[in-house]
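> The primary structure of each chain is shown beneath.
There are 2 protein chains.
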Amino acid sequence: MSYIAVIFTSTRRDSDHEEYATWSHLMSEMVREIPGFLDSDSFRDPETREGVTIAYFENEEAVKTWREVSEHQEAQQLGREKFYGEYRVRIARVEREYHWERPD
Amino acid sequence: MSYIAVIFTSTRRDSDHEEYATWSHLMSEMVREIPGFLDSDSFRDPETREGVTIAYFENEEAVKTWREVSEHQEAQQLGREKFYGEYRVRIARVEREYHWERPD
Chain Y
1 MSYIAVIFTS
11 TRRDSDHEEY
21 ATWSHLMSEM
31 VREIPGFLDS
41 DSFRDPETRE
51 GVTIAYFENE
61 EAVKTWREVS
71 EHQEAQQLGR
81 EKFYGEYRVR
91 IARVEREYHW
101 ERPD
Chain W
1 MSYIAVIFTS
11 TRRDSDHEEY
21 ATWSHLMSEM
31 VREIPGFLDS
41 DSFRDPETRE
51 GVTIAYFENE
61 EAVKTWREVS
71 EHQEAQQLGR
81 EKFYGEYRVR
91 IARVEREYHW
101 ERPD
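Residue numbers (the numbering used here), protein chains in the order written: chain Y, 1 to 104; chain W, 1 to 104.
If you're looking for bench data, these hints aren't it; they were derived computationally from the structure.
Errors might be hidden in some of the hints.
All copies of an identical chain are treated as equivalent in the list; a pair is satisfied when it fits inside any one copy or across any two copies.
In silico SDA-like pairs for lysine to any residue, Cα to Cα no more than 25 Å straight-line [as the list claims (entries may be wrong)]: (1) K64 / E18; (2) K82 / E97; (3) K64 / E81; (4) K82 / R49.
Please construct the entire structure, taking both the sequences and the accompanying hints into account.
This is the structure:
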């Protein structure tokens with residue numbers, strides 16, 4: 001069964017560090033509560049200020065639910081007003097995957 | 001038109017730093033030469049040693065071409081022998097995207 005990856009790449013402005021950290025933490029906590037949320041990974045390079053968050057959801061309905069959460073909409077608004085110089089959201093369907101783990 | 005995102009998440013072992021840097025750089029240069037390569041983003045958290053590389057390709061044929069490049073196969077072999085404790089490769093089809101940039 002396929003699932004959805006929401007790939008959010010962004011460039012942070014050099015400003016609003018505490019407020020950004022607060023909202024970033026809140027969003028990472030809230031997305032976990034969405035029915036159909038599977039997992040997420042988040043990285044940012046402190047030098048280039050570029051980063052990516054990839055959130056995985058079971059289906060489009062879960063993506064829609066997350067998009068419509070009011071605190072998430074507020075965070076997106078703050079993102080445009082303050083936090084980001086640029087961002088891109090890609091909605092992708094994971095068609096296959098391979099996992100490898102070191103045998104111990 | 002849709003395109004492909006190859007999402008490679010991995011955990012580095014705390015070893016082989018120079019050899020890893022050499023191969024990582026070589027791969028980031030070589031993938032750019034693949035016909036149908038579009039773009040890539042790469043991040044790693046030095047504390048958790050977790051990282052992600054997302055490479056975007058026009059189509060599955062480009063993904064296949066990259067997978068079969070001999071130096072890439074050698075890098076994958078070294079990845080399992082030395083560099084990584086764990087990795088996951090997800091092949092996803094980007095179905096839609098949104099871009100926002102701060103108006104100047």
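> Would you mind marking each hint as holding or not holding in the structure?
Hint check results:
1. K64 / E18: Neither: 28 Å inside a copy, 44 Å across copies.
2. K82 / E97: Close across copies (22 Å), not inside one copy (36 Å); limit 25 Å.
3. K64 / E81: within (23 Å within a copy, 41 Å between copies)
4. K82 / R49: Result: close within a single copy only, 14 Å intra versus 30 Å inter.
In the structure shown, a violation is registered for the earlier hint numbered 1 alone.
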